[in-house]
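So the protein lines, in turn, are chains S and P. Using my numbering, the letters of the first sequence map in sequence onto residues 1 to 181. Using my numbering, the letters of the second sequence map in sequence onto residues 1 to 181.
Hints in this document: simulated from the structure, not taken from any laboratory. Computed from a predicted structure; not experimentally measured. Certain hints may be false.
One copy or two, it doesn't matter: identical chains are merged, so the pair holds either way.
[Unchecked claim] Each computed EDC-like pair below joins lysine to aspartate or glutamate, with the alpha-carbon atoms no more than 16 Å apart:
(1) Lys173 / Glu99
(2) Lys77 / Asp51
(3) Lys13 / Glu40
(4) Lys176 / Glu40
(5) Lys55 / Asp138
(6) Lys6 / Glu139
(7) Lys173 / Glu40
(8) Lys126 / Glu50
(9) Lys178 / Glu153
(10) Lys173 / Glu153
(11) Lys129 / Glu94
(12) Lys173 / Glu149
(13) Lys6 / Asp24
(14) Lys129 / Glu153
(15) Lys77 / Asp138
(16) Lys6 / Asp138
(17) Lys13 / Glu139
(18) Lys129 / Glu52
(19) Lys173 / Asp11
(20) Lys176 / Glu82
(21) Lys55 / Asp30
(22) Lys126 / Asp53
(23) Lys104 / Asp83
(24) Lys176 / Glu79
(25) Lys13 / Asp51
Here is what each chain is made of, one letter per residue.
Number of protein chains: 2
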Amino acid sequence: MDYQEKQISADYKYHGAVVSLRVDQAQLPDGQIVQREVVEHHGGVGIALEDEDGKFFVVTQWRYAQNMTTLEFPAGKREPGEDDLTTASREIIEETGYEGTDFKYLGYIIPTGAYDSEQIGMYYAKKGKFCGQYLDSDEFLNISRMSLEELTEGIVAGRIPDAKTIAMTFLIKEMKGKNRK
Amino acid sequence: MDYQEKQISADYKYHGAVVSLRVDQAQLPDGQIVQREVVEHHGGVGIALEDEDGKFFVVTQWRYAQNMTTLEFPAGKREPGEDDLTTASREIIEETGYEGTDFKYLGYIIPTGAYDSEQIGMYYAKKGKFCGQYLDSDEFLNISRMSLEELTEGIVAGRIPDAKTIAMTFLIKEMKGKNRK
């Protein structure tokens, strides 16, 4: 069965610094024409940086759209034309002050695919040398470190609802589990 | 440390059927005024429906904003004023034809909290009686069933990037792991 919905037209309602929004006419497999709202986002990258004690750097920060503070793995937006590993290498220094080494790609997630083009690449890396944190002027955050067990506990208890942080925690546990065999 | 960013003003750029978009002026903890783009979404619910053989219903469908077909747990948007369990009970019948019983709440995820207000509630349920599938006129999808092991394999291999499906698979595994103790 062919599920593809074909773009007929696109009408941009907003072009922003973080997202753009367009409303398309699309043709369904049965020929019907429907409206599809699409949020365009360049995508981002999350990084799980592990220190020598098996603890991972996590960021506590205000998430304006959620009106709450969240605890997440460090992450950042892709700059135009940037590949995921370049974003990951840059963002982990900016947010934690530490370089990442031995980057391993964990795959990507689609956070909310029904209306949003964003994909988030996920990396696991080891803590390298300290280079100094340099945050954007509008970033206020606190860095702490947690073990995979503490992260899992927080996720199961509902204290860590961030999607990439949940996916990355469990994917790293799967990877470590496999490596032990 | 107080991280809160306070809303100063809101300027709506788009009001849609699925999302709205506004651009706010916000005040940071240091007094600075910055712009924040916010996608507003009423939120959704994902449901992991397990049959008598321990297999879970999954939906294959076209995701227009991603320009690809995805495999996901059944899910749907909250209608205005609806609570998560009502949405879950309704959506699981609409998409699979089967009623859910013994609903267990698995928590919620924030898919992409930097700019989007969406939260997705997650439920685990057992397959009840067949009532008949009734899809929206613009929904084309295929239903199949997978075990938790098959889901995990697909996630680790990168074939199942949907964030809620990843979170739900691992949360159910955690829950079943705990129950075995």
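We went through each hint and held it up to the structure:
1. Lys173 / Glu99: Neither: 22 Å inside a chain and 34 Å across chains, both beyond 16 Å.
2. Lys77 / Asp51: Intra 23 Å, inter 40 Å, cutoff 16 Å: neither.
3. Lys13 / Glu40: both (11 Å within a copy, 15 Å between copies)
4. Lys176 / Glu40: Neither: 34 Å inside a chain and 37 Å across chains, both beyond 16 Å.
5. Lys55 / Asp138: neither (27 Å within a copy, 47 Å between copies)
6. Lys6 / Glu139: Only across copies: Lys6 and Glu139 sit 14 Å apart there, 40 Å inside one copy, limit 16 Å.
7. Lys173 / Glu40: neither (31 Å within a copy, 33 Å between copies)
8. Lys126 / Glu50: within (5 Å within a copy, 38 Å between copies)
9. Lys178 / Glu153: between (21 Å within a copy, 12 Å between copies)
10. Lys173 / Glu153: both (13 Å within a copy, 14 Å between copies)
11. Lys129 / Glu94: Classified as within; 13 Å inside a copy, 54 Å across copies.
12. Lys173 / Glu149: Result: close both inside a copy and across copies, 9 Å intra and 15 Å inter.
13. Lys6 / Asp24: within (10 Å within a copy, 34 Å between copies)
14. Lys129 / Glu153: Neither: 29 Å inside a copy, 35 Å across copies.
15. Lys77 / Asp138: Result: close within a single copy only, 14 Å intra versus 33 Å inter.
16. Lys6 / Asp138: For Lys6 and Asp138, the Cα distance is within 16 Å only across copies (13 Å; inside one copy 39 Å).
17. Lys13 / Glu139: neither (28 Å within a copy, 25 Å between copies)
18. Lys129 / Glu52: Within one copy only: 12 Å inside a chain, 53 Å across chains, cut-off 16 Å.
19. Lys173 / Asp11: neither (43 Å within a copy, 43 Å between copies)
20. Lys176 / Glu82: neither (29 Å within a copy, 41 Å between copies)
21. Lys55 / Asp30: neither (52 Å within a copy, 31 Å between copies)
22. Lys126 / Asp53: Within one copy, since 11 Å is at most 16 Å while 41 Å is not.
23. Lys104 / Asp83: Cα proximity of Lys104 and Asp83: one copy only (14 Å, versus 40 Å across).
24. Lys176 / Glu79: neither (31 Å within a copy, 41 Å between copies)
25. Lys13 / Asp51: The answer is neither: 45 Å in one copy and 44 Å across copies each exceed 16 Å.
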